[in-house]
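Asker: If you want the building blocks of each chain, they are given just below.
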Amino acid sequence: MRAFRWERETKMNTDQNLKQLLSTWRVEAEVPPRFQANVWAQIAARESARRSLWNQLAEWFTTEFCKPHLAAAVVTFSLALSVGTAYLRAQDSNATVGRQLEARYMETINPLAHGSHST
Amino acid sequence: MKRAVLFLILTALVSAVGYFACYEMATRSAKHCLAHPDGGMVWLRSEYHLSDAQFAKVTKMHEDYRPTCARMCQRIAVSNAKVNDLIASSATVTPETAAALKEWALLQNECRLAMLQHVYAVSAEMNPEDGRRYLKMATARIVAPGMAHASLLEK
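Residue numbers (this note's numbering), protein chains in the order written: chain F, 12 to 130; chain U, 18 to 172.
Treat the hints as calculated values from the structure; they're not laboratory data. Worth double-checking, as some hints may not be accurate.
Calculated lysine to aspartate or glutamate pairs in the EDC-like style (CA-CA distance at most 16 Å, straight line) [what the hints assert, rightly or not]:
| hint | chain 1 | residue 1 | chain 2 | residue 2 |
| --- | --- | --- | --- | --- |
| 1 | U | Lys19 | F | Glu75 |
| 2 | U | Lys153 | F | Glu75 |
| 3 | U | Lys153 | U | Glu64 |
| 4 | U | Lys48 | F | Glu75 |
Pulled out of the complex, with its shape left as it was, chain U reads as follows (with noise of 0.2 Å):
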């Protein structure tokens, strides 16, 4: 009985260890890239099966559309609140909101058009059925940004 118990306990242990290493070998790749400063590319990379040469081309183009995405996004941030500040000071609508809007919509035009330039050349960069993918992906997120992916892709 002794023996049959020791034995059952081994056996515990030797799946206990098989299961730990197998999760961690599975999941190390993407821990990595989680925890890597610039996670979003290495995922890019994996994700999509980037050659160290389109890699490198891919993290150009990202580098050189990064500070039109800071100025986008610095004057998104401006518009926002000019168009908060309009609304919370009038009970109605007036032409300084209504031009307000008009220019913050113009200015969420202007991104999505910059951004689905970035988002195509990009994918132009990929191996074609990869290029689709990340097309679908991004183009998701563009159409209405505030959407969870999944939850566009499945609509």
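The shape of chain F in the complex, shown without the other chains (with noise of 0.2 Å):
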């Protein structure tokens, strides 16, 4: 009966003191810097993720395709491109023709390719 009587007094004191050191606790958490910023930052990311890339290119096409940096280097490039394709066609047309004069040029001079033709 005395050990009942002792348990449930130290049950109560204990209440007491948790009580006691509840009441006392203050909640004072503080909020990080940019906390705001990031959480909205982590959202347009996984929004972003989640668009097609159809839609992220078009996007990129509109705002950073007419920057001038890059639409000077596009236009560098292509033009490049172009004009390096034209002077490689051109070298082989040219061979094509020097070809065709000189077998022209070697028939002026030579009487068999004529006396051949003519039969």
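Got two chains here, separate frames each, mind docking them using the hints?
Answerer: What follows is the structure, encoded as structure tokens:
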């Protein structure tokens, strides 16, 4: 009986102590710096990831493509590519014309070519 | 978006203009040669870097050689026709056919010799390196005139 009473008093004391302790506890949570901005950035990143590649490309095309430094680079690259291609094609064309002219010249000094043509 | 598409169209236009301008400039000289009535000689001048004096001499030599070439051409045509007629008119090799073939071969040889002389003379008027190139090109045609120059050089 005595043991039961002792146990009950001890429990009551513990509850009191806990009550006191809880009454002194204050929550002092501090929001980290740029908390809101970071949250919005995370939301934007997740939304961006969900968007299709085509949408991203279209957006990039609209916003970034016309910026002067990129525009200049695109024009320069495109022009260099077309001029280079034209130059290579012209080399081929000149080689073909060269072979035709060479044959034409040789015909003028080669009687065998004329003789065999006229028969 | 509209601005970007406009920019893209302009870029394509600029590139197209660049392409055609470059192609025209790079092929103008060859086209001029091809359209020229004496394109072969114009090509010779350009290909073998002939100076005005060299070109004048080569042109003179070419003009002097032209009647010889024309005469030989006529003789070869006659000889070819004779050989063809003799071959067609007989089922065996007759003495006349053999003689005509011999004459035909001699004439071919004579033509090659005349051409070789002309080619040597022309190459002598050129700068040494160009002269060597010219000889290589021309003599390849003399050895086998019916074959394409490129295939001869490959061999």
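Asker: Within a Cα-Cα threshold of 16 Å, do lysine 48(U) and glutamate 75(F) meet the stated pairing?
Answerer: Distance ~44 Å between lysine 48(U) and glutamate 75(F) Cα, so the pair is violated.
Asker: For the pair supplied as a hint, lysine 153(U) and glutamate 64(U), confirm whether the alpha-carbon distance does not exceed 16 Å.
Answerer: Between lysine 153(U) and glutamate 64(U) the Cα gap is close to 14 Å, so the pair holds against 16 Å.
Asker: Given the hint that lysine 153(U) pairs with glutamate 75(F), test it: the Cα-Cα distance must not exceed 16 Å.
Answerer: 59 Å, violated
Asker: Would the hint linking lysine 19(U) and glutamate 75(F) be met if the CA-CA limit is 16 Å?
Answerer: 13 Å, holds
Going down the numbered hints, you'll see the structure goes against 2, 4, while the others check out.
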